[in-house]
Amino acid sequence: MPFIPHTEADVGLMLQAIGVSTVEELFDEIPQTLKNIRLDGVPEGLSEMEVLRMMRDRAESDGHYLNFIGAGAYEHHIPAAVWQLATRGEFYSAYTPYQAEASQGTLQGLYEYQTMMCSLTGLDVTNASLYDGASALAEAALMAVRLHKSSRRVLMPATLHPTYRAVVHSIVCNQEIELLEVPYCSETGTILPGALSRFEGQEFAALVVPQPNFFGALEPVHKLSDWAHRRGALVIACVNPVALALLIPPGEWGAAGADIAVGEGQPLGVPLAAGGPYFGFMACKRAHVRQMPGRIVGRTLDAEGRPGFTLTLQAREQHIRRSKATSNICTNQGLAVTAATIHLALLGPEGLKRVACACHNNLSALLDRVTKVPGVSRRFSAPLFHEVVLALSDAPDRVLERMRGQRLLAGAALGEFYPELADCVLVCTTETKTEADLDRYTHSLAAAHSA
Amino acid sequence: MHLPADLQYTDTHEWVRRHGDGTVTVGITWHAQERLGDLVYVENPQAGKSFKKGQECGVVESVKAAADIYAPISGDVIAVNAELASNPEKINQDAYAAWMFKLRPSDPGEFEQLLDSVAYEKLIAAESA
Numbered sequence: 001m002p003f004i005p006h007t008e009a010d011v012g013l014m015l016q017a018i019g020v021s022t023v024e025e026l027f028d029e030i031p032q033t034l035k036n037i038r039l040d041g042v043p044e045g046l047s048e049m050e051v052l053r054m055m056r057d058r059a060e061s062d063g064h065y066l067n068f069i070g071a072g073a074y075e076h077h078i079p080a081a082v083w084q085l086a087t088r089g090e091f092y093s094a095y096t097p098y099q100a101e102a103s104q105g106t107l108q109g110l111y112e113y114q115t116m117m118c119s120l121t122g123l124d125v126t127n128a129s130l131y132d133g134a135s136a137l138a139e140a141a142l143m144a145v146r147l148h149k150s151s152r153r154v155l156m157p158a159t160l161h162p163t164y165r166a167v168v169h170s171i172v173c174n175q176e177i178e179l180l181e182v183p184y185c186s187e188t189g190t191i192l193p194g195a196l197s198r199f200e201g202q203e204f205a206a207l208v209v210p211q212p213n214f215f216g217a218l219e220p221v222h223k224l225s226d227w228a229h230r231r232g233a234l235v236i237a238c239v240n241p242v243a244l245a246l247l248i249p250p251g252e253w254g255a256a257g258a259d260i261a262v263g264e265g266q267p268l269g270v271p272l273a274a275g276g277p278y279f280g281f282m283a284c285k286r287a288h289v290r291q292m293p294g295r296i297v298g299r300t301l302d303a304e305g306r307p308g309f310t311l312t313l314q315a316r317e318q319h320i321r322r323s324k325a326t327s328n329i330c331t332n333q334g335l336a337v338t339a340a341t342i343h344l345a346l347l348g349p350e351g352l353k354r355v356a357c358a359c360h361n362n363l364s365a366l367l368d369r370v371t372k373v374p375g376v377s378r379r380f381s382a383p384l385f386h387e388v389v390l391a392l393s394d395a396p397d398r399v400l401e402r403m404r405g406q407r408l409l410a411g412a413a414l415g416e417f418y419p420e421l422a423d424c425v426l427v428c429t430t431e432t433k434t435e436a437d438l439d440r441y442t443h444s445l446a447a448a449h450s451a
Numbered sequence: 001m002h003l004p005a006d007l008q009y010t011d012t013h014e015w016v017r018r019h020g021d022g023t024v025t026v027g028i029t030w031h032a033q034e035r036l037g038d039l040v041y042v043e044n045p046q047a048g049k050s051f052k053k054g055q056e057c058g059v060v061e062s063v064k065a066a067a068d069i070y071a072p073i074s075g076d077v078i079a080v081n082a083e084l085a086s087n088p089e090k091i092n093q094d095a096y097a098a099w100m101f102k103l104r105p106s107d108p109g110e111f112e113q114l115l116d117s118v119a120y121e122k123l124i125a126a127e128s129a
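Chains as they are written, first to last, in my numbering: chain A, 1 to 451; chain B, 1 to 129.
Just chain A, with the same shape it has in the complex (with noise of 0.2 angstroms):
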């Protein structure tokens, strides 16, 4: 549905037939008292012209860093096709798809995306989309408590990304929701099944595995999947939708396949944008999805017998089931997500494998130089995809500021989040990086570095 602005005219009108004079009128019975109320403090609105000279000289302070930062979100390239069709109107402004027959265009986007996302988690039924990868693993907490009926237990590894742990805590600590934390190897970097022995003699609803984990390093999945479900309990599987195209995906984990899969798809074409807006994927086996939050598409055939698709499955939601629904989310991140589907449709799996293959390469090839720097090594044994966490003999803080001034965003100091690794940083490689810079970065360590 376009937008249609009102002219002044067009305003004279219609209040000529309500039968008013101004539009201030039509407000008349809210009382004075809450009316005119003052914006000090706000100043005077600028010129477009003004507002651009501003921006202008804002954004000269952005200072063009060189990014070595993941944890969490991923700089990746974003094709220049992909938010030239996702601006598009159509796709930008389009209106929530709760009528069907309004929204085809959209609908079809949506369980186009859908589709992609099930091939690539292995699993047989996405949902068009949640906030975030965050809130998404926290939907996926309760609906695992849901599910499993008896337990309200959730086991979640420590080498899960700290703000992951701390958001799903905050949604669930007054659902009467215990969150169990499951330390990690000092070695490998990994949850080892070993860890998991603590947990024997109790019920559990759900186990959450990340892959890769925060640490960038691969957790063995197979043994810890077969683990839960040998006790009766769900897996969540928490992964980077771009390495799933070299992994092994969720649906394949141990011998019977995770049961709910989520994510942050902010790779897959969004960009990085400050922090936002991403979007959080979700999918999970056919016999979980009446337990699954947020919207999903289905096709169908209309009256007349033509395809077509609908939002399906809506007594889950909201304004349906209200305080029973699966979830307070009745929306997703449509505009995302439409750039998601057009990213992965441009890539295609072969796209999307040499992306990863790109990625992790890079990781190789930084880690070969940046080992010879005196004082530097890696402090994890695991396997990688293409974060690494690094020991450094000199203080994190001030190295990173020294690299800092050389323009190169060099890396997340772990000492915040892991007391432990206070002589640690974080270091992703994107295929976006090229030689180059990874000599560049390798010099600049080594200068910032005083062994």
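None of these hints come from the bench; they were simulated from the model. All figures in this text were calculated on a predicted structure; none of them were measured in a lab. Here a beta-carbon is modelled for each residue, glycine too, at the ideal position from N, C-alpha and C. Among the clues, some could well be false.
[Stated by the list, open to error] Here are the computed lysine-lysine pairs in the DSSO-like style, where the Cα-Cα straight-line distance is at most 27 angstroms:
{"hint": "1", "chain 1": "B", "residue 1": "Lys90", "chain 2": "B", "residue 2": "Lys49"}
{"hint": "2", "chain 1": "A", "residue 1": "Lys324", "chain 2": "B", "residue 2": "Lys90"}
{"hint": "3", "chain 1": "A", "residue 1": "Lys223", "chain 2": "A", "residue 2": "Lys149"}
{"hint": "4", "chain 1": "B", "residue 1": "Lys49", "chain 2": "A", "residue 2": "Lys149"}
{"hint": "5", "chain 1": "B", "residue 1": "Lys49", "chain 2": "A", "residue 2": "Lys324"}
{"hint": "6", "chain 1": "B", "residue 1": "Lys102", "chain 2": "A", "residue 2": "Lys149"}
{"hint": "7", "chain 1": "A", "residue 1": "Lys149", "chain 2": "A", "residue 2": "Lys285"}
{"hint": "8", "chain 1": "A", "residue 1": "Lys324", "chain 2": "A", "residue 2": "Lys285"}
{"hint": "9", "chain 1": "A", "residue 1": "Lys149", "chain 2": "B", "residue 2": "Lys52"}
{"hint": "10", "chain 1": "A", "residue 1": "Lys353", "chain 2": "A", "residue 2": "Lys223"}
{"hint": "11", "chain 1": "B", "residue 1": "Lys122", "chain 2": "A", "residue 2": "Lys324"}
{"hint": "12", "chain 1": "A", "residue 1": "Lys149", "chain 2": "B", "residue 2": "Lys64"}
{"hint": "13", "chain 1": "A", "residue 1": "Lys149", "chain 2": "B", "residue 2": "Lys53"}
{"hint": "14", "chain 1": "B", "residue 1": "Lys102", "chain 2": "B", "residue 2": "Lys53"}
{"hint": "15", "chain 1": "B", "residue 1": "Lys102", "chain 2": "B", "residue 2": "Lys52"}
{"hint": "16", "chain 1": "A", "residue 1": "Lys353", "chain 2": "A", "residue 2": "Lys285"}
{"hint": "17", "chain 1": "A", "residue 1": "Lys324", "chain 2": "B", "residue 2": "Lys64"}
{"hint": "18", "chain 1": "B", "residue 1": "Lys122", "chain 2": "B", "residue 2": "Lys49"}
{"hint": "19", "chain 1": "A", "residue 1": "Lys149", "chain 2": "A", "residue 2": "Lys324"}
{"hint": "20", "chain 1": "B", "residue 1": "Lys53", "chain 2": "A", "residue 2": "Lys285"}
{"hint": "21", "chain 1": "A", "residue 1": "Lys324", "chain 2": "B", "residue 2": "Lys102"}
{"hint": "22", "chain 1": "A", "residue 1": "Lys324", "chain 2": "B", "residue 2": "Lys52"}
{"hint": "23", "chain 1": "B", "residue 1": "Lys49", "chain 2": "A", "residue 2": "Lys285"}
{"hint": "24", "chain 1": "B", "residue 1": "Lys64", "chain 2": "B", "residue 2": "Lys90"}
[Stated by the list, open to error] Label-pair ranges, simulated between beta-carbon atoms:
{"hint": "25", "chain 1": "A", "residue 1": "Ser119", "chain 2": "B", "residue 2": "Asp38", "range": "28 to 34 angstroms"}
{"hint": "26", "chain 1": "B", "residue 1": "Gln55", "chain 2": "A", "residue 2": "Glu200", "range": "29 to 35 angstroms"}
{"hint": "27", "chain 1": "A", "residue 1": "Lys324", "chain 2": "B", "residue 2": "Ala126", "range": "23 to 29 angstroms"}
{"hint": "28", "chain 1": "A", "residue 1": "Ser323", "chain 2": "B", "residue 2": "Asp38", "range": "48 to 54 angstroms"}
{"hint": "29", "chain 1": "B", "residue 1": "Asp38", "chain 2": "A", "residue 2": "Thr22", "range": "49 to 55 angstroms"}
{"hint": "30", "chain 1": "B", "residue 1": "Ser50", "chain 2": "A", "residue 2": "Asn174", "range": "26 to 32 angstroms"}
[As the list claims (entries may be wrong)] From the derived model, a few chain A residues whose C-beta atoms are all more than 10 angstroms from chain B:
{"hint": "31", "residue": "Phe91"}
{"hint": "32", "residue": "Arg286"}
{"hint": "33", "residue": "Leu367"}
{"hint": "34", "residue": "Thr434"}
Go by the hints and put chain B onto chain A.
Relative to chain A, chain B alone:
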């Protein structure tokens, strides 16, 4: 038949059939399925679980609504109609043949509180007034 006289009813539109061995069979009434429309999903209680009278024990979903099912009397669930998992429309076809679950009552005194067909008929007439 829309209102069998040999059954008892609740004001939440469940019907109860009493058996000689003391157990009961429970379903939803013709009136309930008519108001809900085409049923697409039935979530029955789990066999072995116990419920108090009036406690939520299941859900029926139609294309436009989801309605809770309430235990008409206190008791243990001893059987569940597995057919409804794949064929929920059987309730629309014959609400009194398509039973949902069976209970072993824990308090026979509660039967007095159920409605007979006359009282239930008055209830639904008042609801649509």
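Inset, instruction - Would you check the hint for Lys90 (chain B) and Lys49 (chain B), treating anything up to 27 angstroms between C-alpha atoms as holding? - result: holds (24 angstroms)
Legend entry - Verdict for Ser119 (chain A), Asp38 (chain B) (Cβ pair) under range 28 to 34 angstroms: Since the Cβ atoms of Ser119 (chain A) and Asp38 (chain B) sit about 32 angstroms apart, the hinted range of 28 to 34 angstroms holds.
Legend entry - Pair hint outcome, Lys53 (chain B) versus Lys285 (chain A) [Cα-Cα no greater than 27 angstroms]: violated (34 angstroms)
Legend entry - 27 angstroms Cα cutoff - pair Lys324 (chain A), Lys285 (chain A): Distance of about 22 angstroms is within 27 angstroms: holds.
Inset, instruction - With a cut-off of 27 angstroms on the C-alpha distance, tell me whether Lys324 (chain A) and Lys102 (chain B) pass. - result: The hint holds at about 25 angstroms.
Inset, instruction - Take a look at whether the Cβ-Cβ distance between Asp38 (chain B) and Thr22 (chain A) falls inside 49 to 55 angstroms. - result: holds (50 angstroms)
Legend entry - Interface exclusion of Phe91 (chain A) relative to chain B, criterion Cβ beyond 10 angstroms: holds (29 angstroms)
Legend entry - Holds or violated: Lys49 (chain B) to Lys324 (chain A), with C-alpha atoms at most 27 angstroms apart: Within the cut-off at roughly 20 angstroms; holds.
Inset, instruction - For the pair supplied as a hint, Lys122 (chain B) and Lys324 (chain A), confirm whether the alpha-carbon distance does not exceed 27 angstroms. - result: violated (30 angstroms)
Legend entry - Assertion that Thr434 (chain A) lies farther than 10 angstroms from chain B (Cβ): Non-interface label stands for Thr434 (chain A): nearest chain B Cβ at 54 angstroms, farther than 10 angstroms.
Inset, instruction - Decide if the proposed pair is consistent with the structure: Lys102 (chain B) and Lys52 (chain B), CA atoms, cutoff 27 angstroms inclusive. - result: It holds: about 14 angstroms lies between the C-alpha atoms, which stays within 27 angstroms.
Inset, instruction - Could you tell me whether the CB distance from Lys324 (chain A) to Ala126 (chain B) stays inside 23 to 29 angstroms? - result: holds (26 angstroms)
When each numbered hint is compared with the structure, violations occur for hints 11, 18, 20, 28.
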